[in-house]
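Student: One letter stands for each residue in the lines below.
2 protein chains.
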Amino acid sequence: MLNFDFYNPTQILFGQGQIAAITPLVPAGARVLMLYGGGSIKRNGVYDEVKAALSGHTVFEFAGIEPNPHFETLMQAVELVKAEKIDFLLAVGGGSVIDGTKFVAAAVQHDGDPWLILEKGGKTITSAMPFGAVLTLPATGSEMNAASVITRAATQQKRAFMHRAVFPKFSVLDPAKTFTLPLRQVGNGVVDAFVHTMEQYMTYPADAPLQDRWAEGILQTLIEQGPRTLAEPENIGVRANIMWCATMALNGIIGVGVPQDWATHMIGHELTALYGLDHAQTLAVVLPGILTVRKDAKRAKLLQYAARVWNITEGGEETRIAQAIERTRGFFEQMGVKTRLSGYNLGQEAIDAVVARLVEHRMVKLGEHRDIDADASRAALQISL
Amino acid sequence: MLNFDFYNPTQILFGQGQIAAITPLVPAGARVLMLYGGGSIKRNGVYDEVKAALSGHTVFEFAGIEPNPHFETLMQAVELVKAEKIDFLLAVGGGSVIDGTKFVAAAVQHDGDPWLILEKGGKTITSAMPFGAVLTLPATGSEMNAASVITRAATQQKRAFMHRAVFPKFSVLDPAKTFTLPLRQVGNGVVDAFVHTMEQYMTYPADAPLQDRWAEGILQTLIEQGPRTLAEPENIGVRANIMWCATMALNGIIGVGVPQDWATHMIGHELTALYGLDHAQTLAVVLPGILTVRKDAKRAKLLQYAARVWNITEGGEETRIAQAIERTRGFFEQMGVKTRLSGYNLGQEAIDAVVARLVEHRMVKLGEHRDIDADASRAALQISL
Chain Y
442 MLNFDFYNPT QILFGQGQIA AITPLVPAGA RVLMLYGGGS IKRNGVYDEV KAALSGHTVF
502 EFAGIEPNPH FETLMQAVEL VKAEKIDFLL AVGGGSVIDG TKFVAAAVQH DGDPWLILEK
562 GGKTITSAMP FGAVLTLPAT GSEMNAASVI TRAATQQKRA FMHRAVFPKF SVLDPAKTFT
622 LPLRQVGNGV VDAFVHTMEQ YMTYPADAPL QDRWAEGILQ TLIEQGPRTL AEPENIGVRA
682 NIMWCATMAL NGIIGVGVPQ DWATHMIGHE LTALYGLDHA QTLAVVLPGI LTVRKDAKRA
742 KLLQYAARVW NITEGGEETR IAQAIERTRG FFEQMGVKTR LSGYNLGQEA IDAVVARLVE
802 HRMVKLGEHR DIDADASRAA LQISL
Chain U
442 MLNFDFYNPT QILFGQGQIA AITPLVPAGA RVLMLYGGGS IKRNGVYDEV KAALSGHTVF
502 EFAGIEPNPH FETLMQAVEL VKAEKIDFLL AVGGGSVIDG TKFVAAAVQH DGDPWLILEK
562 GGKTITSAMP FGAVLTLPAT GSEMNAASVI TRAATQQKRA FMHRAVFPKF SVLDPAKTFT
622 LPLRQVGNGV VDAFVHTMEQ YMTYPADAPL QDRWAEGILQ TLIEQGPRTL AEPENIGVRA
682 NIMWCATMAL NGIIGVGVPQ DWATHMIGHE LTALYGLDHA QTLAVVLPGI LTVRKDAKRA
742 KLLQYAARVW NITEGGEETR IAQAIERTRG FFEQMGVKTR LSGYNLGQEA IDAVVARLVE
802 HRMVKLGEHR DIDADASRAA LQISL
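Protein chains in written order, with my numbering: chain Y, 442 to 826; chain U, 442 to 826.
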């Protein structure tokens with residue numbers, strides 16, 4: 442196991458009816474800014490419940506945070522926070538709204554150009570405003586981590602930042618609030634959580650058996666519950682399990698003391714920036730290719746994954762690895778997420794364009810061994826043509 | 442899954458050499474009280490490393506916190522903290538020292554009789570002093586939770602309290618610092634972590650598959666690494682895995698949203714209070730009896746435990762359950778912890794005495810169904826005579 446420093450102070454209020462529990466967690470007398478996306482929270486009752494929970498506070502609203510939230514949009518929220526002397530932010534939505542709120546929280550207290558927050562990955566942050574979250578879409582894990590991904594629309598740049606000042610103070614996870622989600626978003630969320638887990642698990646053995654077993658536990662649970670949640674959208678128990686898996690997949694706990702990959706995410710970000718694919722769609726395309734291209738470097742873990750997660754124990758190593766990768770691809774398809782570029786009407790030209798951008802952004806030393814160069818990225822994408 | 446509220450803000454610094462990392466975490470200019478037990482930290486280098494890390498601070502010391510730490514001893518530390526205007530506490534030791542430090546942290550700021558903290562289980566706490574910990578013995582999980590167990594020597598009362606004000610600000614977990622532990626303490630620690638996990642896992646199905654898998658992951662890892670750590674005391678990888686399992690077993694994460702038992706602990710506490718058995722020794726005696734006595738109520742989980750943790754899948758239900766319980770007992774014995782009262786020179790009289798005290802302390806509605814009464818406790822102990 443590698444040395445590590447783990448810290449995660451976000452309070453999680455989990456279960457039906459928990460929105461009401463935020464009342465005492467928002468500072469008394471605070472001027473609160475609610476940030477959200479489109480109008481879905483007004484249709485599913487979340488908006489009303491949140492407003493009721495905040496009834497003792499002065500509440501402002503900032504709507505319109507888009508998927509892959511835009512720097513340009515969020516800077517408008519920063520201006521509003523300053524103009525209205527807001528004390529506390531409340532993100533109400535999915536990962537995009539929470540990621541965006543993290544950026545606003547940091548940008549308000551940032552000296553100098555706020556784009557530096559993204560350009561420097563969070564290193565220029567010294568403090569951030571306090572904020573909470575009400576999660577409506579289990580997927581990104583943003584509700585219990587200190588990371589955020591923001592897109593600058595003008596330049597199609599998608600950048601991440603991390604800083605311990607942007608952990609949510611609390612997050613409400615009410616699985617009943619996910620009943621009305623479009624199935625496409627539900628499927629995306631399951632794939633997102635699955636790939637987050639794989640990025641931290643599918644590397645090389647690091648003598649960390651508990652981290653391995655916990656990652657495998659998330660993967661097994663997603664495989665078991667994912668198809669059920671598409672078939673039974675209002676089964677609250679299943680939705681609860683999906684929601685908890687997605688949070689645990691990226692709150693840091695399974696990634697302590699182990700090497701991590703993240704090449705699939707870096708390549709996927711370019712696909713989203715260029716062609717607007719959903720984040721999870723890009724992951725579903727890229728991961729099977731990365732596993733295939735890196736099967737020698739990842740051999741020991743791929744065999745362990747085949748055996749423990751997919752129960753594949755017969756046949757030679759190559760066969761078991763190939764089957765495990767095929768099962769992974771099949772699971773994503775089962776969740777309604779296409780795994781080939783052709784499924785998104787993209788072809789060879791997209792591969793060329795993505796690889797060119799990876800080179801431009803110096804994303805040519807990816808993966809746990811920093812050896813996924815442009816050729817390896819190209820080869821991975823080629824497999825999912 | 443049941444509704445829950447999870448919160449755990451303790452920062453974990455894990456790995457060799459991490460004691461040095463506490464320097465910036467102790468507030469500048471703080472008057473620090475180091476609390477520890479016997480002299481072992483002076484023999485294994487921990488004391489010197491901690492003193493070096495605190496070299497910029499004014500450091501006071503309070504030594505002599507005993508196993509099953511005494512209220513009477515800790516009240517002397519409370520006086521010292523007040524007399525010397527201490528700002529920050531640093532626990533250096535195992536669970537007893539950390540539990541004791543939690544009590545001191547709360548008692549210093551407590552209005553009225555400090556025994557109320559224990560009498561009321563923490564409900565009278567409103568705040569506590571900040572403190573950190575340097576862990577030298579993986580076992581109790583106290584390094585990353587907000588619970589503490591204290592014994593009043595004068596009355597042989599062993600009482601627990603919990604409060605979110607007593608999470609350690611940080612804990613250092615350096616597995617190399619456990620190399621010199623007596624094997625008895627190492628074995629005790631593994632059994633303690635195992636039973637902590639079982640208390641949160643071995644109840645009834647609650648549609649919480651991830652929590653189940655994570656608990657099973659801890660149990661499997663302890664079973665795999667426990668005997669190795671006795672055989673190879675200076676294998677740092679194995680010690681690291683044991684240490685991480687023990688912390689994860691009782692930091693709250695596997696227990697969210699599921700029913701919990703804790704009868705074994707409640708009965709065990711009386712054995713320690715009356716006869717001075719090590720905490721883990723009492724758990725090793727009581728758990729196999731509880732599992733046997735409650736095998737109908739726990740049937741579904743016992744069968745799952747048999748299959749997933751011990752790979753017992755052949756035979757009828759009764760056979761599989763009996764085998765799983767025997768394997769559990771065998772594992773404790775393998776860790777050097779005796780599982781029968783006779784191993785501690787106790788007999789029928791001890792059962793009578795323990796049951797009398799359970800009645801006296803109103804511990805007659807134990808377990809996840811609150812139905813382990815005095816007769817059931819007696820029956821459980823009888824099985825481990």
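One thing to keep in mind: the hints can contain errors.
Ranges of calculated distance between the beta carbons of each label pair, as one might list FRET restraints [said to hold, decoys possible]:
1. 567/U - 623/Y: 41 to 51 angstroms
2. 759/Y - 497/U: 57 to 67 angstroms
3. 489/U - 671/Y: 21 to 31 angstroms
Keeping only pairs whose Cα atoms sit at most 25 angstroms apart, straight-line, the calculated SDA-like set for lysine to any residue is [unchecked claim]:
4. 742/U - 693/U
5. 742/Y - 677/U
6. 564/Y - 465/U
7. 483/Y - 450/Y
8. 610/Y - 698/U
Beyond 12 angstroms from chain U on every Cβ pair, some chain Y residues (computed) [as the list claims (entries may be wrong)]:
9. 451
10. 456
11. 459
12. 469
13. 552
14. 594
15. 645
16. 676
17. 679
18. 690
19. 695
These are computed hints drawn from the structure, not numbers from a lab. Don't be surprised by glycine CBs; every beta carbon is placed ideally from N, CA and C.
Student: Compare the structure with each hint and give your call.
Tutor: Hints, verified against the model:
1. At roughly 46 angstroms, the beta-carbon separation of residue 567/U and residue 623/Y lies within the given 41 to 51 angstroms, and the hint holds.
2. The hint said 57 to 67 angstroms for the Cβ distance between residue 759/Y and residue 497/U, and at roughly 58 angstroms that hint holds.
3. A beta carbon spacing of about 59 angstroms between residue 489/U and residue 671/Y contradicts the range 21 to 31 angstroms that was offered as a hint.
4. The hinted pair formed by residue 742/U and residue 693/U meets the criterion: a straight-line CA distance of about 20 angstroms does not exceed 25 angstroms.
5. The hinted pair formed by residue 742/Y and residue 677/U meets the criterion: a straight-line CA distance of about 22 angstroms does not exceed 25 angstroms.
6. A hinted pair counts as satisfied when its Cα atoms are at most 25 angstroms apart, and residue 564/Y with residue 465/U qualifies at roughly 18 angstroms.
7. With a CA separation close to 30 angstroms, the supplied pair residue 483/Y and residue 450/Y exceeds the 25 angstroms bound.
8. Between residue 610/Y and residue 698/U, the direct Cα distance comes to roughly 20 angstroms. Compliance with the 25 angstroms bound is thereby established for this hinted pair.
9. A cut-off of 12 angstroms between C-beta atoms contradicts the statement that residue 451/Y is not in contact with chain U; the least separation is 8 angstroms.
10. Here residue 456/Y does not stay apart from chain U, with its beta-carbon only about 3 angstroms from theirs, under the 12 angstroms limit.
11. At the 12 angstroms boundary, the C-beta of residue 459/Y falls inside the reach of chain U, the nearest C-beta of that chain being 7 angstroms off.
12. Every Cβ of chain U is farther than 12 angstroms from the Cβ of residue 469/Y; the closest lies at roughly 17 angstroms, confirming the non-interface assignment.
13. At roughly 22 angstroms from the closest C-beta of chain U, the C-beta of residue 552/Y stays outside 12 angstroms, upholding its exclusion from the interface.
14. Distance check for residue 594/Y against chain U: the nearest CB is about 36 angstroms away, which clears 12 angstroms, and the non-interface claim stands.
15. Every C-beta of chain U lies more than 12 angstroms from that of residue 645/Y, the closest at about 15 angstroms, which supports listing it as non-interface.
16. In this structure residue 676/Y is not separated from chain U by more than 12 angstroms, as the shortest Cβ-Cβ distance comes to only about 10 angstroms.
17. With a least CB separation of 8 angstroms from chain U, residue 679/Y falls inside the 12 angstroms interface cut-off, contrary to its annotation.
18. Consistency note on residue 690/Y: stated as away from chain U, yet its beta-carbon is not over 12 angstroms from all of that chain's, at 10 angstroms minimum.
19. The Cβ of residue 695/Y does not lie farther than 12 angstroms from every Cβ of chain U; its closest approach is about 10 angstroms, which violates its non-interface assignment.
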